[in-house]
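Asker: Chain residues, written in single-letter form:
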Amino acid sequence: MDIIIFAIVSLTLMALLFGGILGYAAKRLKVEGDPIVDQINALLPQTQCGQCGHPGCRPYAEAIAQQADPINLCPPGGETTIKALADLLDVEVLSLDAEAGVDSVPKIAYIREDECIGCTKCIQACPVDAILGAAKLMHTVIVNECTGCDLCVEPCPVDCIDMLPIPITSQTWHWQKPQQLIATDRQLEQEIVGDPSL
Amino acid sequence: MKTLFDFPGGVHPPQHKQQSNPGKLMDLPLPQRLLIPLSQHIGAPAKPLVKVGDQVYKGQLIALATGAISANVHATSSGLVSAIASFPVAHASGLDAMCIELETDGQDTWHPDITTANPGQLDEQEIRQRVLAAGIVGMGGAGFPSAAKLATDTPIHTLLVNGVECEPYITADDTVMQIYSHEIILGTKLALGLLKQSTCKLVIEDNKPQAIAAMLQASAGHDDIEVIVIPTKYPSGGEKQLIQNVTGQQVPRGKIPANLGILCQNVATMKAIYDAVYLGQPSIERIITVTGDGVKQAGNYRLRIGTCADYVLQQCQAEQPNSQVIIGGPMMGFQLPNTHVPLIKTSNCLLVPSAKALSDASPAMACIRCGQCEIACPAQLLPQQLYWLAKSDAFDKIEQYNLMDCIECGACAYVCPSQIPLVQHYRYAKGMLRQKATEARQAELSKQRFEAREQRLLDEVTAKEERRKTRAAAAAAAQAAKRASNTEQADPVKAAQARLAAKQKTPAHDTAHQATLANNSATNEVSHKDLKTAAAIARTKFKKANKAYEDAKAADHEDTDKLQTMVHDLQQRSEQTAQALAEFESQVQVDPEAEKQAQITWAKANAQVRKLNKSAPDSSTPDDEKAAHKEALQVAQKNLEQAQAKLDHIKNSSKEAQS
Chain A
5 MDIIIFAIVS LTLMALLFGG ILGYAAKRLK VEGDPIVDQI NALLPQTQCG
55 QCGHPGCRPY AEAIAQQADP INLCPPGGET TIKALADLLD VEVLSLDAEA
105 GVDSVPKIAY IREDECIGCT KCIQACPVDA ILGAAKLMHT VIVNECTGCD
155 LCVEPCPVDC IDMLPIPITS QTWHWQKPQQ LIATDRQLEQ EIVGDPSL
Chain B
11 MKTLFDFPGG VHPPQHKQQS NPGKLMDLPL PQRLLIPLSQ HIGAPAKPLV
61 KVGDQVYKGQ LIALATGAIS ANVHATSSGL VSAIASFPVA HASGLDAMCI
111 ELETDGQDTW HPDITTANPG QLDEQEIRQR VLAAGIVGMG GAGFPSAAKL
161 ATDTPIHTLL VNGVECEPYI TADDTVMQIY SHEIILGTKL ALGLLKQSTC
211 KLVIEDNKPQ AIAAMLQASA GHDDIEVIVI PTKYPSGGEK QLIQNVTGQQ
261 VPRGKIPANL GILCQNVATM KAIYDAVYLG QPSIERIITV TGDGVKQAGN
311 YRLRIGTCAD YVLQQCQAEQ PNSQVIIGGP MMGFQLPNTH VPLIKTSNCL
361 LVPSAKALSD ASPAMACIRC GQCEIACPAQ LLPQQLYWLA KSDAFDKIEQ
411 YNLMDCIECG ACAYVCPSQI PLVQHYRYAK GMLRQKATEA RQAELSKQRF
461 EAREQRLLDE VTAKEERRKT RAAAAAAAQA AKRASNTEQA DPVKAAQARL
511 AAKQKTPAHD TAHQATLANN SATNEVSHKD LKTAAAIART KFKKANKAYE
561 DAKAADHEDT DKLQTMVHDL QQRSEQTAQA LAEFESQVQV DPEAEKQAQI
611 TWAKANAQVR KLNKSAPDSS TPDDEKAAHK EALQVAQKNL EQAQAKLDHI
661 KNSSKEAQS
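Same order as they appear, the protein sequences are chains A and B. Mapping of the first sequence onto the numbering used here: position 101 corresponds to residue 105, and the numbering continues sequentially without gaps. Mapping of the second sequence onto the numbering used here: position 441 corresponds to residue 451, and the numbering continues sequentially without gaps.
Take the hints with a grain of salt, since some may be wrong.
Unchecked claim - Here are a few chain A residues that sit away from chain B, every Cβ distance over 12 Å (derived from the structure): (1) L17; (2) M18; (3) L48; (4) G57; (5) Q71; (6) D91; (7) V132; (8) A134; (9) V162.
Said to hold, decoys possible - Label-pair restraints from in silico Cβ distances: (10) A:C123 x B:P165: 57 to 65 Å; (11) A:E117 x B:P129: 50 to 58 Å; (12) A:V157 x B:A462: 19 to 27 Å; (13) A:F10 x B:A404: 52 to 60 Å; (14) A:Q70 x B:G264: 35 to 43 Å; (15) B:Q445 x A:D163: 53 to 61 Å; (16) A:V162 x B:A95: 29 to 37 Å.
Hints listed in this document are in silico derivations from the structure and should not be mistaken for laboratory results. Glycine is no exception: its CB is placed at the ideal position from the N, C-alpha and C atoms.
One chain only, chain A, in its complex shape:
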């Protein structure tokens, strides 16, 4: 009988002790904010283009964190971003949502400066303040700061903004992945193309 009482008392004391430690730790080591949102935001390309339907990358990150939106709504990030998000959140990799847009080559806005009428509409539309100009004066895009988000094209009343692909220079060029064919690949290739001898 004694041993049962002893067991109950000692277990109760231990439960109280550990409960106290846990409670203190929960208070003392409390993490401020929602770090998962920051982690998701860090994976997004920060073009702030709004193609996902949110007014910027952070709001989309918040929506993903609340599981309100799927991870495949970001065309500028493309497959790489979807993969990274799937890794982070431990969910299935989805293909890019066609409604949000298509995964395209990175582009940059250029203003045809002699056609610009200086209406400042594109300046107001730019999410990263990458357009320089003033009312009734010519505007221009700060190329290094443009994210290629497309948002300035639509408000332009004279259609003088072009989205041009970023040119490859000898500074930005890098080697492509080598095409490697091993014996089985060659067989496969022949099957697809068809053997000319046949």
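Place chain B on chain A using the hints.
Answerer: Chain B only, in chain A's frame:
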């Protein structure tokens, strides 16, 4: 002889050095066209100083260095500038770059400013200036501007002059050492002078006995220059491997040799420093090895910077001038996408393999994890692991495997039994890592700018709201103040109540009769008026209702009964008010007709008097007329007085009656 250290890994490929006759220097006729790129170095491209159509002379500065890490570009012969435009250059991408094109005039006239100098008479600053102005860059291949390298702030204790030339086939440095040994020593002495407190180690591989002999002879008597011979092993000429081999120290990751107090320079660079300081000649030519089984006249050629590769191949009788050509050595060089490209300050070799050698290249096979590459790697990396990771685009992981420490020497690919192009995979992965780093930087910048903008917009909205609130508060305060001052003046309701109270009291106050008389009369007048108005309103209402009732009756409307009672009520009310008015009038004995008559009489008399006063006679009028006028005026005034008296009497009597 000092103890040598070793470096891990390395390979021993066939040398093929005799093919290009080291030690024999040849010249080619001056080409008609020279294509001089503006960027032949690491750093910012130079800025052109000439225009199309300008006459330039050999050694003339045609493009100026921009920024700290950049190099001047000079005309390499005399002639006319025929174009400043983008041309394909010797780059693996085959991309274009800005070049200055010269049509040579064949005179090869030196620019008059090129003057020789005695370095003994130059101070350190002048020597530095000469090296800087000459546009010398590292001629071993990296192309780092030498003036910037020699201007290092960190103290340097050892200058390593690199004459190793470990790549097979290439003998350009060997030739430079054999022919220009004294110039190299003099150039090295200049560099030592600039670095101070430093000794020189001139390192040569043991497969160049003539060069070693020449350098030993030239350096005799110079205590601060030691010639060190190292065993032949590829890639002992790599900067990090050379340092490890000679000093036993490893350059830490992310650091440069200067952090260890060591500086590396190529032997050809030392010769260029000699040319710049002693002869005043800028960097306009270099020695290039043209070799390979595909070329008949293999050898070392002194070529002007900007000579095109296809011209050299043609002059050296290459089998197929437009065939595949490798620029640089067989281990680290790359195939030129286009042979019509200029040779630059860093080009040391043109390798033309035979058609047979190219066709022998067999395709890659699967990696069998043999580990040969790991043994060969001089950087102690895990090449097969890097290969798998690069192949599967696992860039995060490949960075953890220190891909960025790979020097792309090609030793792993050389030993690979499966002939996998390993270095190409590493170059691809490195490019992707750099691209990702750039993207991450851009994303961070965009994020900051986006957040700054959001904050700014939010601040604007808050400030606007704040201003609106202050304005609203100010308006409310003004209104409250106004209301407060108004209450003291007059509340119409209270005033009316006060008047009523006064009216009720007045009959009892006989003593205050005189004082209240005026007040009373006003009240009475108001009451009289009110009664009149009330009677008129009641009358009109009754008439209207009656008319509506008649109309409704005519139209057989349902609610006529209701209307009838209403009309009846209104009729009664109208009669009541009319009666009240009549009673009031009889009570105050007002005879409205008499009063009106008296007023009219008074007004007529008044008008007569005013008329006569207006037409008062002046001095020119005859006396009789004056008299007549005076009489008339007197009559009129009498009439007015009478009328006034009568009116006053009527008014007074009515007032007395009321009170």
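Asker: All hints are to be evaluated individually against the structure, with a verdict given for each.
Answerer: Verification of the hints:
1. L17: The claim stands: L17 (chain A) keeps its Cβ more than 12 Å from every Cβ of chain B (closest is about 47 Å).
2. M18: Answer for M18 (chain A): holds, closest chain B Cβ roughly 42 Å.
3. L48: violated, 8 Å
4. G57: Correct as stated: the minimum Cβ-Cβ distance to chain B is 17 Å, above 12 Å.
5. Q71: holds, 23 Å
6. D91: violated, 10 Å
7. V132: violated, 4 Å
8. A134: For A134 (chain A), whose nearest Cβ neighbour in chain B is about 7 Å away, the distance does not exceed 12 Å, so it is violated.
9. V162: holds, 24 Å
10. A:C123 x B:P165: 57 to 65 Å: holds, 60 Å
11. A:E117 x B:P129: 50 to 58 Å: holds, 53 Å
12. A:V157 x B:A462: 19 to 27 Å: With Cβ atoms ~23 Å apart, the hint holds.
13. A:F10 x B:A404: 52 to 60 Å: Since F10 (chain A) and A404 (chain B) have Cβ atoms about 57 Å apart, the given range 52 to 60 Å holds.
14. A:Q70 x B:G264: 35 to 43 Å: holds, 40 Å
15. B:Q445 x A:D163: 53 to 61 Å: Violated - the Cβ-Cβ distance for Q445 (chain B) and D163 (chain A), about 32 Å, lies outside 53 to 61 Å.
16. A:V162 x B:A95: 29 to 37 Å: 32 Å Cβ-Cβ, so the 29 to 37 Å window holds.
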